[in-house]
Amino acid sequence: MNDDAMNEIVQEFLVETNENLDQLDQDLVALESDPSSRELLGSVFRTIHTVKGTTGFLGFGRLEGLSHAAENLLSDLRDGRLMLTSARTDVLLEVVDAIRALLAAIEATGAEDDRDLSDLIARIKVLQQPEAVAVAEAPPAAIEVDAPARQSAEALAAVEAPVSAEAAAVADVVAVAEAPVAPEAVAVAEAVVAPEAIVADVPAPALASAGAGAPHASERGPGTTPSTRPATGAAEPPHGEPHRSAGERSVRVDVDLLDSMMSQVGELVLARNQVSAHVELLDNQALHQTVQRLSMIVSELQEGVMKTRMQPVEQLWSKLPRVIRDLAAQFSKQVTLEMEGGETELDRSLLEAVKDPLTHLVRNAIDHAIERPEARVAAGKPATGTLALRASHEGGQVVLEVADDGAGIDPDKIAAKALERGLVSKSQLDAMSEREIVDLIFRPGFSTAQAVTNVSGRGVGMDVVRTNVERIGGTVDLTSAPGMGTTVRIKIPLTLAIIPALLVGCRDQRYAIPQANLLEMVQLRAEGTSTDIERIGGALVYRLRGKLLPLVRLDETLGYSPLAADDQPDAVSIVVLQADGLLLGVAVDEVFGTEEIVVKPLGRHVKQVPLFAGATILGDGGVALILDVLGLATAARVEEVTAGLALSSDATEDERATERSTFVLLRVGRERRVAVPLKAVARLEEAPAASVEHAGNGQVLQYRGDLLPLVALAAILDDAAGDSPAEHSPDEAPATIPVVVYSDGDRHLGLVASEILDIVEGIFEVRPVGAAPGILGSTVVHGHVTDVLDVDAAFALAGKEPERVA
Amino acid sequence: MSPDPNDAPGGETAVQYCTFKVDHLLIGIEVWRVQEVIRHQPMTHVPLAPKAVRGLINLRGQIVTAIDVRQWLGLPDRGDGGGSMNVVLRLNDEAISLLVDEAGEVVEPAPDTHEGVPSTASEQIRAMFSGTYKLDGALLLVLDTESVTRISPEIGATAQYGTARRAS
Numbered sequence: 001m002n003d004d005a006m007n008e009i010v011q012e013f014l015v016e017t018n019e020n021l022d023q024l025d026q027d028l029v030a031l032e033s034d035p036s037s038r039e040l041l042g043s044v045f046r047t048i049h050t051v052k053g054t055t056g057f058l059g060f061g062r063l064e065g066l067s068h069a070a071e072n073l074l075s076d077l078r079d080g081r082l083m084l085t086s087a088r089t090d091v092l093l094e095v096v097d098a099i100r101a102l103l104a105a106i107e108a109t110g111a112e113d114d115r116d117l118s119d120l121i122a123r124i125k126v127l128q129q130p131e132a133v134a135v136a137e138a139p140p141a142a143i144e145v146d147a148p149a150r151q152s153a154e155a156l157a158a159v160e161a162p163v164s165a166e167a168a169a170v171a172d173v174v175a176v177a178e179a180p181v182a183p184e185a186v187a188v189a190e191a192v193v194a195p196e197a198i199v200a201d202v203p204a205p206a207l208a209s210a211g212a213g214a215p216h217a218s219e220r221g222p223g224t225t226p227s228t229r230p231a232t233g234a235a236e237p238p239h240g241e242p243h244r245s246a247g248e249r250s251v252r253v254d255v256d257l258l259d260s261m262m263s264q265v266g267e268l269v270l271a272r273n274q275v276s277a278h279v280e281l282l283d284n285q286a287l288h289q290t291v292q293r294l295s296m297i298v299s300e301l302q303e304g305v306m307k308t309r310m311q312p313v314e315q316l317w318s319k320l321p322r323v324i325r326d327l328a329a330q331f332s333k334q335v336t337l338e339m340e341g342g343e344t345e346l347d348r349s350l351l352e353a354v355k356d357p358l359t360h361l362v363r364n365a366i367d368h369a370i371e372r373p374e375a376r377v378a379a380g381k382p383a384t385g386t387l388a389l390r391a392s393h394e395g396g397q398v399v400l401e402v403a404d405d406g407a408g409i410d411p412d413k414i415a416a417k418a419l420e421r422g423l424v425s426k427s428q429l430d431a432m433s434e435r436e437i438v439d440l441i442f443r444p445g446f447s448t449a450q451a452v453t454n455v456s457g458r459g460v461g462m463d464v465v466r467t468n469v470e471r472i473g474g475t476v477d478l479t480s481a482p483g484m485g486t487t488v489r490i491k492i493p494l495t496l497a498i499i500p501a502l503l504v505g506c507r508d509q510r511y512a513i514p515q516a517n518l519l520e521m522v523q524l525r526a527e528g529t530s531t532d533i534e535r536i537g538g539a540l541v542y543r544l545r546g547k548l549l550p551l552v553r554l555d556e557t558l559g560y561s562p563l564a565a566d567d568q569p570d571a572v573s574i575v576v577l578q579a580d581g582l583l584l585g586v587a588v589d590e591v592f593g594t595e596e597i598v599v600k601p602l603g604r605h606v607k608q609v610p611l612f613a614g615a616t617i618l619g620d621g622g623v624a625l626i627l628d629v630l631g632l633a634t635a636a637r638v639e640e641v642t643a644g645l646a647l648s649s650d651a652t653e654d655e656r657a658t659e660r661s662t663f664v665l666l667r668v669g670r671e672r673r674v675a676v677p678l679k680a681v682a683r684l685e686e687a688p689a690a691s692v693e694h695a696g697n698g699q700v701l702q703y704r705g706d707l708l709p710l711v712a713l714a715a716i717l718d719d720a721a722g723d724s725p726a727e728h729s730p731d732e733a734p735a736t737i738p739v740v741v742y743s744d745g746d747r748h749l750g751l752v753a754s755e756i757l758d759i760v761e762g763i764f765e766v767r768p769v770g771a772a773p774g775i776l777g778s779t780v781v782h783g784h785v786t787d788v789l790d791v792d793a794a795f796a797l798a799g800k801e802p803e804r805v806a
Numbered sequence: 807m808s809p810d811p812n813d814a815p816g817g818e819t820a821v822q823y824c825t826f827k828v829d830h831l832l833i834g835i836e837v838w839r840v841q842e843v844i845r846h847q848p849m850t851h852v853p854l855a856p857k858a859v860r861g862l863i864n865l866r867g868q869i870v871t872a873i874d875v876r877q878w879l880g881l882p883d884r885g886d887g888g889g890s891m892n893v894v895l896r897l898n899d900e901a902i903s904l905l906v907d908e909a910g911e912v913v914e915p916a917p918d919t920h921e922g923v924p925s926t927a928s929e930q931i932r933a934m935f936s937g938t939y940k941l942d943g944a945l946l947l948v949l950d951t952e953s954v955t956r957i958s959p960e961i962g963a964t965a966q967y968g969t970a971r972r973a974s
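In order, the protein sequences belong to chains A and B.
Numbering follows my numbering, with no gaps: position 78 of the first sequence is 78.
Numbering follows my numbering, with no gaps: position 3 of the second sequence is 809.
Hints in this document: simulated from the structure, not taken from any laboratory.
Just so you know, nobody snuck in bad clues.
Lysine-lysine pairs mimicking DSS-like chemistry, simulated, CA-CA at most 27 Å apart: (1) A:600 - A:307; (2) B:940 - B:827; (3) B:857 - A:607; (4) A:355 - A:319; (5) A:600 - B:857; (6) A:547 - A:679.
Restraint-style ranges between C-beta atoms, simulated for each label pair: (7) B:944 - A:11: 55 to 61 Å; (8) A:420 - B:941: 50 to 56 Å; (9) B:941 - A:430: 56 to 62 Å; (10) A:8 - B:908: 53 to 59 Å; (11) B:866 - A:282: 21 to 27 Å.
Covered stretches of chain B (chain A as the covering partner; in silico rule of three or more C-beta atoms under 8 Å from a C-beta of chain A): (12) 852 to 859; (13) 863 to 877.
As the structure is a computational prediction, the values presented were derived from the model and not from experiment.
For glycine and all other residues, C-beta sits at the position ideal for the given N, C-alpha and C.
Build the full structure now, drawing on both the sequences and the hints.
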């Protein structure tokens, strides 16, 4: 066999074994929660057996020796002679790590390195002793059991102290039987005994290996206590057939090859689009048909190549149970891992790209989010925290979620930290919504870790996560409830390669909008725009079928100055987009239609602009920028308004919205309009201002021989809007005040407004825009945005228990 | 100085420079850094990008950012309406095009004519160029190509180089 062939075999062996080791990690952790699973044990055994066989064949003697020792232990476990204890799992996981390290050395240098395996092998042998037997047959078995023990025993024999050595060893073996952590303890004990007894003759390696065992005991710490074990091990065990390659039915293909195929197919699609565009102009039936056929084949090819690159998310998750187990142990935390939707498939390169962000999030969750058991219990939560990994498809995108039920994120802490780090100024903070504040943790240089640990808190946390995800056209979104937990949602495109997009025009340039974000398109004549598009403060809203949709003008958002009136286009097109639960209308000059585009990354200078997700080359060879819908929404600050819109999907809301209803229309202050349901209005009164009297801490009106409590609508609105009361106070003290006497059963209340405007009847959709205590939401009456009063809440808010009027 | 065999040849050996003109300046870039020089290309404007970014061009299926060297230098736009040339550089795996007035020849100045950028030059000039060669009848400014990566949004006709750089 020549060298090349040999190298190839070694390469293949490395690839295969590394894959198998990942599976091993998973299986072993899964085994902890189901220690008697024959199937898992069998799978683990076979893997190790294969490693042993192959390494023997390839002449990697040290690997072979290690896997042989592990195989022996596994064989006993599989046959039920031994039970899988946490100590045994630990040592087997260590074997996996050692094999991995040796493989890495082989990959780098072509040969095994000379790391010391004797201690590990010795410990495997210790653990191969059945517990009960070890106690019973302690004296004779003891010295045989344990390599360091034997070595030191021999050493001791040289200084003629066999009895004490035996005694020590016996004691240790008993310890093995009693406590699963003991193997390390054995080594520690030996290390202590041996040097004293034999200063001269102990062979150095024996000491070294005995000593080497010691750190393990302390390193593990609480992690090895049985109490955490079921917790970390509760990962969904891969039941059923273990995942093994399908043998003859599959072929190993270099990922680079797939990558280059994918990009070539992408170019092919572009070329096809260009050919199609040119052929359109020609009058040649035969050519048309050929191009059509070519087009179909290209599409199928594209789909096929895309499929070759799809892999289940499971693949990504497979390493996490081990990571979580180790971390939980390290931080003395108890964590249950839940996984959902592992079969969701994702392009391989994307999978690779989210690997680090995902691992980082998981680490963050365990290090920062999930509290220690004591703290959890104190907070009234179960001692064991839950970390959930979820994957699902959502409209041409894949959503990966990392959710924990930990301490959550405290916006105040974030704000304080951001201020301290100089990331934002005080005035900036004041202007920020809670969501924006929480979002600060994505800023570079932000880290809330109290102490810098080796796991997270190196100050390179969430901003790197976001950068990595955004690099592949994804988004990261974080929601958190203090005390309840944190959920991070990563949304990524199914594939990077080719996406359908809508082309729109703005100021003689074309822009592409990913079709995944597109909901619908609306075209308006220019004259019509003034009534359908309204301004609320600085923000534009568009009335789409009676609903208010936050609107941005693309040209304005892109920084163009407004056109002169003469140059205004005759028609305005509105594309209704959604991203991340936000709805947004974007006014563009023109809509060109859809095209399949290949997303290309932007250069460093252009990447800084958050409005663009990438660029693409169109059928005619021109370059178009791809709009980032979330970026647009952020730029237009539509968040708050649309957060309410998203709520409207629930049925009761819709029912209420479509009912025919009658409202009394009131003016409050100078310009606010409030609608009160007429149904419960008893009378409309103009009361002389002088007749308003004070009773207790509220205002009352003598009304039909009784006292009518009064509530100033302005006060409710002020509370709802957080405005200063002054804004709504009337210009001059009026002689009379308009009062709406409101009755619900035998409850009465007078609502004080500035003016009673009208009574309107019709179908008013009450949107939760601007909803607040006392305000149900808003609707459009006579072309004005009008708040709808929630009278029940208004009673409560005004601090008046509705009084009974006899 | 420790010349990397794969990197720019340095030290005493003569280096070849692609030259081009921007306004009255003669600018040189090491030949090996220049991927190609092409005539003016149709360009897609990038709103909100740094001022020096003139747009994006399609270079055989690759999207390349075009930097207007005049803007970068803080020079006024070319008044005569002449089209500019694209000098395409490879810079850390990214292709960047520099828009210049006209492309010149390749020169190989004698190493002993090399000198640093005069300290009297503006801060912006000193940040962009690594040195000069005294050619016959002209001064060749050697572009520090890495400085292309340091163009920040604020860099443009009016901004002073250096003041706008964010600590990274």
